[in-house]
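Trainee: Protein sequence lines, in the order shown, are assigned to chains Z and W. For the first sequence, full-length UniProt numbering begins at 1 and goes up steadily by one. For the second sequence, full-length UniProt numbering begins at 1 and goes up steadily by one.
Simulated from the structure, these hints should not be mistaken for lab results. C-beta atoms are modelled at their ideal positions from N, C-alpha and C, and glycine is treated no differently. Hints should not be assumed to be uniformly reliable.
[Unchecked claim] Using C-beta positions, here's what the derived DEER-type ranges look like: (1) W:Ile41 / Z:Ala37: 28 to 36 Å; (2) W:Glu61 / Z:Gly344: 23 to 31 Å; (3) W:Arg57 / Z:Ala242: 29 to 37 Å; (4) W:Ser60 / Z:Gly140: 40 to 48 Å.
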Amino acid sequence: MNTSVLPPVRIRSLANATATATAAMRLLPSAPLNHQAHRAVYGDLPRLDPGHVMAAAEHSGLSGQGGAAFPAHRKMAAVREAARRAGRRPVVVANGSEGEPASAKDKALLWHAPHLVLDGVALAAAAVGADRAFLAVEAGHGLLGYLTEADRQRTSTAVPVTIVEVPSRFLSGQESALVSFLDGGPALPRFQSRPVFEQGVGGGPTLVQNVETLAHLALIARHGPAWYRSGAATSLFTVRYADSTPTVVEAAPGTSLQHLTGAVSGQAILVGGYHGTWLPLESAARSGREVGAGIRAITGDTSVSAETLGVPLGAGLLAVLPHDRCGLVETASILRYLALESAGQCGPCLNGLPRMAAAFGELARPTPRSDLQQIRDDLSRWAGLVTGRGACRHPDGTARLARSALIAFAAEADAHSRGRCRASARPPMLPTAMPPASQSTASE
Amino acid sequence: MPEPTTITLRAAVDWTACQGHGACADLLPEVVSLDEWGYPILQERPVPAEARRRARRAVSECPALAFLLKR
Ligand SMILES: Cc1cc2nc3c(=O)[nH]c(=O)nc-3n(C[C@H](O)[C@H](O)[C@H](O)COP(=O)(O)O)c2cc1C
Ligand code: SF4
Ligand code: SF4
């Protein structure tokens, strides 16, 4: 197998930290598995019985791993119902687009456990009664050829899967953008007068599910919903620290931030992704201190879950900002990227995002200024104006990031406005475009 | 013929089509105002019964076919 085309990424599994975990319960095997090896580790594909799969999804409490954490069972039930009413077979779309430049977990999963994802596709298709499925992956990583070959190794008569490469852009993985692209249009979000679960690919009911969600489903079908709920089941995170190679970490709920990120120290952590939330990292004594609008300070001992962090885990990015970096510089850079990636189709997004990016660019510049409060007010107002007012949730996520940075880096903004800067001027550490292709390595 | 008032209608916009002409806000100030860039801000609440006729006009007079009513 040719491994030279994946972005630089290491994988690390903390799954064996729990006593009962076996290889068959993990998402990431230490080396890529072909179909034969996959079956040796995980066993055969479980029964493709719709009622059985639906019940497993429901009782496990499985929720989406692609960003919005929506309950998978509810979406599957909605697709089934829409298909019944329309009298047509639905389509399943496995979303492995991972357009977010900082994230690597979906690509690592597709590379290491392609058959777990394909098992999940088969199970989801059976659950909703689909007779067609697509697996969408980001172009430029060699995944099309690799996964086509993986799919060929499968002998089962389950749903046929078409593997497609989507453009390497932030918006490509948004569900209506995927539908548009699969229908022969541009990979851009489009206005949906009816939701995708009713009117997706070819105008028919469509289940869009993140590839990691589908891999979870494949494990739940084997080990049962009770196992999944017990806290032994793992999920994937992309961990970044300064400029180092990202690590994809597999960890069970309750794992501490320190253990998960392996980071010694930092001033803040970006949770979820570029649509996520900056949380200040503090000493144990000040942990849990509310620093503003729903944002709590955390420490290395805080366990990683949406409940304990108080913010959504999104697509599982955990980026630790070291003390010698500037959160305003990072945020300005990400906002600029997000504004440029906006499809520019919707007025509020087209007008609001570039203004927010420019205003953050001002905050990131240490220079004496008297208009700091004005900039903050503008940013808060624009964040409010773009939220909920587009064909997709890109502006909502962008506003979330900006708001959290205003809170987490309030002291830095104050210092900058007095011409002082606590971090040495450095280029931003978080990537805003696809990294150059190079060797993929596995560790531990 | 008067419509049954039991069906609630809410204003909606196809953001990819809306050009910020503002005709909807002129016709339906009860539920539509304009932001600082001229794009509509929609109220969550349903279109009041007495404004339904104007709401339908807003749909047909939106030059971009972007203004919609949802049940
Ligand atoms: C701008 C934008 C980009 C997105 N990109 C991705 C992506 O790359 N991969 C993904 O799985 N979901 C992405 N999503 C979320 C999808 O629209 C969709 O909710 C998700 O694939 C559903 O799968 P899940 O419920 O299993 O998470 C994106 C959403 C937005 C608003
Ligand atoms: S909200 Fe923004 S990113 Fe989403 S479709 Fe509209 S212009 Fe594009
Ligand atoms: S009239 Fe139509 S184009 Fe004009 S602001 Fe209203 S919705 Fe947009």
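Trainee: Against this structure, judge whether each hint is valid.
Mentor: Consistency of the hints with the structure:
Distance hint check for isoleucine 41 of chain W and alanine 37 of chain Z: the Cβ-Cβ separation is about 56 Å, which falls outside the suggested range of 28 to 36 Å. Under the hint 23 to 31 Å, the C-beta atoms of glutamate 61 of chain W and glycine 344 of chain Z, about 26 Å apart, fit the expected range. Roughly 58 Å separates the CB atoms of arginine 57 of chain W and alanine 242 of chain Z, a value that falls outside the hinted 29 to 37 Å. Between serine 60 of chain W and glycine 140 of chain Z the Cβ separation comes to about 46 Å, which falls inside the hinted range of 40 to 48 Å.
Going down the numbered hints, you'll see the structure goes against 1 and 3, while the others check out.
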